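K.L.:
Top to bottom, those sequences are chains A and B. Going by our numbering, the residue at position 193 of the first sequence is 193; the numbering climbs one at a time, nothing skipped. Going by our numbering, the residue at position 350 of the second sequence is 350; the numbering climbs one at a time, nothing skipped.
Just so you know, the hints here were simulated from the structure itself, not pulled from any lab data. Since the structure is predicted, the reported quantities are computational estimates derived from the model, not experimental observations. A virtual CB, placed ideally from N, CA and C, is assigned to each residue, including glycine. Check each hint, because a few of them may be wrong.
[As the list claims (entries may be wrong)] Per label pair, the in silico range of CB-to-CB distance:
(1) B:G43 <-> A:F49: 41 to 49 angstroms
(2) A:Y119 <-> B:A28: 47 to 55 angstroms
(3) B:P296 <-> A:H276: 33 to 41 angstroms
(4) B:K147 <-> A:T268: 56 to 64 angstroms
(5) B:G43 <-> A:T237: 49 to 57 angstroms
(6) A:T140 <-> B:K46: 32 to 40 angstroms
(7) B:D76 <-> A:V12: 49 to 57 angstroms
(8) B:D182 <-> A:T268: 33 to 41 angstroms
[Stated by the list, open to error] Covered by chain A, according to a simulated footprint, are these stretches of chain B (three or more residues, beta-carbon under 8 angstroms):
(9) 20–29
(10) 41–50
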Amino acid sequence: MSRRNVELLFLVIAGAVSTMAYVSVYAGRFREINRVSIIYGLVFVGIFFLLHLLVRFALPQADPFLLPITALLAAIGLTEIFRIRPALALTQGQWLLVGAGLFVLTVLFVRDHMKLDRYRYIMGAIGLALLVATIVLGTTVNGSKLWIHAFGFSIQPSEFAKLAIVIFLAGYLDDKKVLLSVPTHHVLGVPLPAAKYFGPLLVMWALSLAMLIFMKDFGMALLFMSIFVALMYMATTRIVYVVLGGGLFAAAAAIAVAVVPHVHDRFTTWLDPWPHAATSGYQLLQSLFTIADGGIVGAGFGRGFLLYANRQPVVPDLQTDFIFSAVANEIGLLGAAAVILLFVLFMWRGFRIAVWAPDGFSKLLAAGLAFAFGLQTFIIIGGVTRLIPLTGITLPFVSYGGSSITANLVLVALLLMVSHRTNVVREGTDLERRRLAARG
Amino acid sequence: MNRAISRIFIVGVILFVALLVNLTWIMAGRAQWFADRPENKRGIAKEMRIKRGDILGFDGSTIAGSVRRSGYYYRDYPQGTLAPQLVGYDSVRYGRSGIEDELNDQLTGQSTDLGVQSWIDRLLGRKPKGASVQLTLVPAVQKEAQKALAGQKGAIVMLDPKTGALIASASAPTYDPANLEDDWARLSNDPGAPLLDRPTQGLYPPGSAFKVVTATSGLDYGKVTPDTKFIDTGTYVVFGGKVTNYGGAVFGPNDFTTALTYSINTTFAKVGNLLGRKRLVSSMQRFGFYQTPPLPLPQGGIVPSGRYGKTGLLSPDDFMDPLAVAWAACGQEQVLSTPLQMALVAAGVANGGRVMKPYYTQQIVAASGGVVQKAQPQQWLVAMKAATAAQLNTMMQRVVNAGTGTAAALEGIQVAGKTGTAERGDGTNLAWFIAFAPAEDPQVAIAVVIEDTQSTGGEAAAPIAAAVIKTALAQPSLP
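The following block holds chain B by itself, in its conformation from the complex:
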């Protein structure tokens, strides 16, 4: 009988060993797998018990705050909708986007770099408190940009050319993050794509605004000077095709400065072929084309600019025939750019050729009050020699003073800019204006793009740029 009892005991022990093995498998082996299952809402529910840190504007006003309702914290937006595509949303049902996603660890107080207090809190079982994030976005400028885009489709990006700080980032059509969950079905099906952050994710043909890049290349490689003479007959025949001017205009004899002032396609096509594919593409790369700008955003939240084919971004070494180079030099062909990248072009010229790393975080302040991260402007790329930048600065002032961009001129502030009008083939235009001001000591650089318009860049985009620049330069302080 004792042997049988022992055997039954052994059976019992085997059952318990099975329990222990299975438990180890669940708790150690597959713990992360269980945590990542979409059915598992523990992570979100846990975080909703944490007071999420505020997202503040550069002036210290709250863009996204935190309110407590029945034990959980929810976002509220005291200033209404302010850069919702960039700031992003935080929803139990639809997840997170934009800065809310990128800085989630800091906003929920879970980041390890939040200091000793956060660690002590966790040790004592206290709920962590989220750190607040102060952005470089200036609400007054942001509001002006959003107002300028109201009722249209397009984007505005404004940077500080000397630091890379993002001053404004507007995308239209827009949405109200406070009603995201109710409006989700409508927003996600809207052909106007209100959830898309056009400044960082919208890819547009840059049109003549791209001529700043071509001019940079021509001047920097010594292929042209501002005074190099050209003759325009209205048509430039190359490689079995031709390049014509916007609206069929004929300019006759012109120098390179005049060509930029009036946006003469034939001259820029010729300069493109004087440079050749390699030098033109190399200048693009030195402005940041062909790579994702280092603005910290979640995967897919920011896209690179450059030449695009059917399969996406092409290699910088992709073959281009002389006709393709000629059109690319005018910002057409297969060149696509985000508004952010075009703002970086303007900023590069404004900052003497040095392109600063774009950023949006002014500082991160832990719940205990300590500053855990502070903006440190860094140089990203060198797009051109300082002398080239000075020449381009002067040439771009001419655009505003006497050329296609006169609508951007401001009383008492010298604006330097370049217009762009990309014809979309369906009778509508894409109107561009990139600029910086004041030209003698640039404080802001801007890119404006308006979709689905009948007007040119000089008519539709330049006045908007002027209005936003005026508001920005009237601010008591900028990042």
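Only chain A is shown next, with the shape it has when bound in the complex:
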């Protein structure tokens, strides 16, 4: 079976599962299934069918699993948002449409990701500008400054900055990897490359420290620093960058815990939420109670106890940062574990694309994107389950939020482009190779 037919098959399966989840919620709420509910379902299926047709036409050799996983995660998210606040599901549906549009534009205009390597410094500048703009223009929500309000929309620029910075670092590090991996001197027996190549490391460190102090957000700082350290390591294979980067970030985190009250609160609440059960620990404890209440199989979509009688969610921000708590409550341990495995599967496909890619830039780009995606998932699920301190970050494709879903659909488009090129270069026909060359 061709890659595209595999994709279509899995999309149909994902569509069937999504439809069942959605119908379950709809029936639970309205005690009936009517034409409107079916139309909503069909629109969702239609969006992913069109994306599939685009990939079939433009990227025929791309990985067949990423799009079905994306569709399933987005469907779970939309269903759960609809279940918590029906009005927001319509907005989220529109954002999904915008994200799909951006996906189409990325595929049609970029065509080949190798082109992006040429604009690496522009990408780096865009990423930096987005983060600086957030620090300067951002508004504080829940103690963290992650949002910019503009043109009637709330945008979370860090979601897009994440993509731009990965593109920049993939290009920059692929170029400089040799210089960065050759030791020129030793400090305390540790081989180190020339001091000037530490510049980017220090810039990244300063950036994440600034994010900690000005955005007051531990999660985004951890994400950016980790992306950087992971890419440095993958480019140079030198463990010294991981040790140094980890140490620098730990120092920055310690400073932030001591200096920034919001970060300090989050940290102490994480260590022991019980004395703060009614105040700063309320959200985290309610999240844990909601998750623990899910049991092994859960009550089913639309059947959990997620809303009080006055329609307020049992956990504040349930539809955004705490969407995983809602999912775990409704579909239980088995369902929640399946969702986590979907994220692992996504990450695995990303890394697989990286390993097979024929050139350094493609490898670093795919691995960087897959790593960013996986780590962001870990940070938010770990946060709401109290494995790590809680931070305001979205669960890719599932959480309510326009920036998150559009940025992550672009991420999928980029991974599909890398995998298409890889497969064409490795096993494609002459015709396909010529077409690819024509795109550059």
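Given chain A, work out where chain B should sit, using these hints.
P.N.:
The following block gives chain B in isolation, referenced to the frame of chain A:
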């Protein structure tokens, strides 16, 4: 480069494995622990979305109903305050008590024995509906009992001696369950303890009312007959101490029936020592002393009667010298009883010696209309031979017709009873009256206790018992 990429992927997989392990720990390992945390109000909030079943009186009228306000159901009490200590409260802030607590699973429709409909409801994700509980409490009798106690401290328990059904259970001072949350601070600090269910949790020295137990023992073990002769000099000297009569009375020659009629302490002290500790305690046990009566109530909601020491209930084998036995036979010394236990004593005599299991649930009706549980009277204990019960019945009629209990006599209804007056040492008395009626075919058995009174059992408690018995026997039907 590929090796480094693989390593980073492995790091990612390890992180996700950590997520899965932690999630399993929360959702499977410690789920119950999280559910039981006091900070976790999910359970109560979930139950408040369920229409809680009604608690009904024996006549079918609502004692505790359910009203919906902004999505949640709250209790309301259309008949005002009716046996609130026994029925209990259901509060988000202060939890539950009494029957509301004991039968919570049925009232919220979560009990597994509520039948197929409840199971189907859960399968379809419909909210379960609570079953309604019909009690054996008769509201008209209950109201009469509460009225009789108004302004005093004390308790009234009325049972059907033939079934064990609880007809009335009043405790004073009382409270209004509708205002529980507003009044909580005052109620929980009130020295009169209005939240305490005196009938099942109040421990009082039973005084001379206990002589029914001593008489049972003496007759049943053949140590005395109703006609056994005694001579009272006003004082019975035993084991370096003495037993005297109430008010210093001297009765001279008396038989055992007369001794019960006028509550002669010296005679009962002598009978106590004729029996000895073992037989007296054994008779107590056969009435249910030294064990918690099987009335289904939450932990601590009902306490056993018996001899109490500094550390609580003493063992039935605890040593007693002859002076202690003599006073215990008169219901003093360290003997303590709940009003319910004394009502069970009266009921045992009334029912030919057989003590029925006390109960309060007439039936439980599921929301679908099906009866899921119906009262089935069961014998609990055999306190004495039927012949002994018949003799005691006659003797207790004499108490009401010619003795200390004449205030309990009713026109056209033969009441049999026994008074009790326990002196508390602070100048106040504890006034008791236990009785059953009609003596020839007992329909009700009652125990009345009044605290902090200057009067005797015959003066303070007997008229109350009579009034409640009269109301009860006037009812069209009793459990």
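K.L.:
None of the hints should be skipped; say for each whether it holds.
P.N.:
Verification of the hints:
1. With their beta carbons about 44 angstroms apart, G43 (chain B) and F49 (chain A) fall inside the hinted range of 41 to 49 angstroms.
2. Between Y119 (chain A) and A28 (chain B) the beta carbon distance is about 49 angstroms. The supplied range of 47 to 55 angstroms therefore holds.
3. Checked against the given bound of 33 to 41 angstroms, the beta carbons of P296 (chain B) and H276 (chain A), roughly 40 angstroms apart, stay inside it.
4. For the hinted restraint 56 to 64 angstroms between K147 (chain B) and T268 (chain A), the CB-CB distance of approximately 58 angstroms keeps it satisfied.
5. Evaluation of the 49 to 57 angstroms hint for G43 (chain B) and T237 (chain A) yields a pass: the beta carbon distance comes to about 54 angstroms.
6. Hint check: T140 (chain A) to K46 (chain B), Cβ distance near 34 angstroms, so the stated range 32 to 40 angstroms holds.
7. D76 (chain B) and V12 (chain A) have their C-beta atoms about 54 angstroms apart, which keeps the hinted 49 to 57 angstroms range intact.
8. A C-beta distance of roughly 36 angstroms is found between D182 (chain B) and T268 (chain A), which places it inside the suggested range of 33 to 41 angstroms.
9. Evaluation of the coverage hint for the stretch 20–29 of chain B: fulfilled, as 7 residues show C-beta separations to chain A shorter than 8 angstroms, against a requirement of three.
10. Under a criterion of three residues with beta carbons nearer than 8 angstroms to beta carbons of chain A, the stated coverage of the stretch 41–50 of chain B is upheld, 5 such residues being counted.
When held up to the earlier numbered hints, the structure conflicts with none and fits them all.
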